[in-house]
Amino acid sequence: MGFDSDIRACARLVQRGDPVRFRSVMASPINLRPPLFVIYAFNLETSRAAWVSKESAIAEIRLQWWHDTLEEIAIKQSLSSHEVVSPLATILSPQSAQNLKRLVSARRWDIYSEPFENAVSFDAYLYDTSTTLLAAAADSLGTAEISVVKNFGYAAGLARFFQAVPRLIAAGRQPLLSLHEADLSELAEMGLSRLREARRRRVAVSKQAGFAFLAGWQTGIILNLVRRSPQSVKTGLRPPSAVFNSISLSARALTGRW
9 MGFDSDIRAC
19 ARLVQRGDPV
29 RFRSVMASPI
39 NLRPPLFVIY
49 AFNLETSRAA
59 WVSKESAIAE
69 IRLQWWHDTL
79 EEIAIKQSLS
89 SHEVVSPLAT
99 ILSPQSAQNL
109 KRLVSARRWD
119 IYSEPFENAV
129 SFDAYLYDTS
139 TTLLAAAADS
149 LGTAEISVVK
159 NFGYAAGLAR
169 FFQAVPRLIA
179 AGRQPLLSLH
189 EADLSELAEM
199 GLSRLREARR
209 RRVAVSKQAG
219 FAFLAGWQTG
229 IILNLVRRSP
239 QSVKTGLRPP
249 SAVFNSISLS
259 ARALTGRW
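Note that this note's numbering has the sequence shown beginning at 9, numbered continuously upward.
Keep in mind that the hints were calculated from the coordinates and are not lab data. Computed from a predicted model, the values in this text were never measured in an experiment. We put the beta carbon where it would ideally sit given N, CA and C, even for glycine. Any given hint could be a false lead.
[As the list claims (entries may be wrong)] 25 Å max Cα-Cα, derived DMTMM-like pairs, lysine to aspartate or glutamate:
{"id": "1", "residue 1": "Lys158", "residue 2": "Glu125"}
{"id": "2", "residue 1": "Lys109", "residue 2": "Glu153"}
{"id": "3", "residue 1": "Lys109", "residue 2": "Glu68"}
{"id": "4", "residue 1": "Lys158", "residue 2": "Asp131"}
{"id": "5", "residue 1": "Lys109", "residue 2": "Glu122"}
{"id": "6", "residue 1": "Lys109", "residue 2": "Glu79"}
{"id": "7", "residue 1": "Lys62", "residue 2": "Asp118"}
{"id": "8", "residue 1": "Lys158", "residue 2": "Asp191"}
{"id": "9", "residue 1": "Lys158", "residue 2": "Asp26"}
{"id": "10", "residue 1": "Lys242", "residue 2": "Glu194"}
{"id": "11", "residue 1": "Lys84", "residue 2": "Glu194"}
{"id": "12", "residue 1": "Lys242", "residue 2": "Asp118"}
{"id": "13", "residue 1": "Lys242", "residue 2": "Asp26"}
{"id": "14", "residue 1": "Lys109", "residue 2": "Asp131"}
{"id": "15", "residue 1": "Lys242", "residue 2": "Asp131"}
{"id": "16", "residue 1": "Lys242", "residue 2": "Glu189"}
[Said to hold, decoys possible] Here are the in silico distance ranges between beta carbons for each label pair:
{"id": "17", "residue 1": "Ser258", "residue 2": "Ala132", "range": "19 to 29 Å"}
{"id": "18", "residue 1": "Ser258", "residue 2": "Val60", "range": "30 to 40 Å"}
{"id": "19", "residue 1": "Leu87", "residue 2": "Val251", "range": "37 to 47 Å"}
{"id": "20", "residue 1": "Thr151", "residue 2": "Arg265", "range": "10 to 20 Å"}
{"id": "21", "residue 1": "Ser89", "residue 2": "Ile255", "range": "33 to 43 Å"}
{"id": "22", "residue 1": "Ala132", "residue 2": "Arg236", "range": "20 to 30 Å"}
{"id": "23", "residue 1": "Arg246", "residue 2": "Ala132", "range": "26 to 36 Å"}
{"id": "24", "residue 1": "Gly25", "residue 2": "Ala190", "range": "29 to 39 Å"}
Generate coordinates for the entire structure from the input sequences, incorporating the hints supplied.
The following block contains the structure:
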């Protein structure tokens, strides 16, 4: 897959809207970048649905459109031209398209202000929004054992969710079951445990698919910060310096030790 106009449009979307994932793609071999740009552009479009309008009905319509589009991709139905959908249809396997419908459905939580019912519903949200995305990205490049994808995806999703907490609170959401520092530290440790388990099984991920895992290169840093300083979740987690970020990402890309 080359860099046609649709791929370039997806790359611009990711560059503007998700700079962390953009940098991870740019650290990958050039021939692996197109599918990653497309899948991350899709993720960006669905994650924005709840925030582009104050009208919940409009957000629901946007998400339903993506849900229906994924179904059409899964059954190989002809699609109208769209800068994200068109290349997405050539990248996704039918199973990946079906799986990503769970991501779209999970994004309905973003529309409303109701909290998660319990730990099970919170974990399901992380799995559906993070693990399914990682699985699709890895599948577009190579092979990866699903247990590794689930563990890494959960940890990476949790780290990103921690970063989003101040914005969610400001928007009137109740993002976490508890904001007590001891509970936040315990949750971060759970994420770190899953991250360690995923990394112990690196051998179960092909070299090519491993570049999809680069998007979570900050995961360990963020989760360790929350474990040590849980109060920072409410005030805002400060990312590492640009220099440290660049060195860390480059090292992981070169060694394959995501």
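Comparing the hints with the structure gives:
1. Lys158 <-> Glu125: Satisfied, since the Cα-Cα distance of roughly 22 Å is no more than 25 Å.
2. Lys109 <-> Glu153: holds (21 Å)
3. Lys109 <-> Glu68: Cα-Cα ~14 Å, so holds.
4. Lys158 <-> Asp131: Holds, at about 11 Å.
5. Lys109 <-> Glu122: The hint holds at about 22 Å.
6. Lys109 <-> Glu79: Holds, at roughly 8 Å.
7. Lys62 <-> Asp118: With a Cα-Cα distance of about 12 Å, the restraint between Lys62 and Asp118 holds, given a limit of 25 Å.
8. Lys158 <-> Asp191: Roughly 22 Å between the alpha carbons, so the hint for Lys158 and Asp191 holds.
9. Lys158 <-> Asp26: holds (22 Å)
10. Lys242 <-> Glu194: holds (16 Å)
11. Lys84 <-> Glu194: violated (44 Å)
12. Lys242 <-> Asp118: holds (18 Å)
13. Lys242 <-> Asp26: holds (22 Å)
14. Lys109 <-> Asp131: Between Lys109 and Asp131 the Cα gap is close to 17 Å, so the pair holds against 25 Å.
15. Lys242 <-> Asp131: holds (20 Å)
16. Lys242 <-> Glu189: Holds, because 10 Å separates the two Cα atoms, which is no more than 25 Å.
17. Ser258 <-> Ala132: 19 to 29 Å: Roughly 34 Å apart at Cβ, these two residues miss the hinted range, so it is violated.
18. Ser258 <-> Val60: 30 to 40 Å: holds (35 Å)
19. Leu87 <-> Val251: 37 to 47 Å: holds (43 Å)
20. Thr151 <-> Arg265: 10 to 20 Å: 18 Å Cβ-Cβ, so the 10 to 20 Å window holds.
21. Ser89 <-> Ile255: 33 to 43 Å: About 41 Å separates the Cβ atoms of Ser89 and Ile255, which means 33 to 43 Å holds.
22. Ala132 <-> Arg236: 20 to 30 Å: With a Cβ separation near 28 Å, Ala132 and Arg236 satisfy 20 to 30 Å, so the hint holds.
23. Arg246 <-> Ala132: 26 to 36 Å: holds (29 Å)
24. Gly25 <-> Ala190: 29 to 39 Å: holds (34 Å)
Against the hints set out earlier in the document, violations occur for numbers 11, 17.
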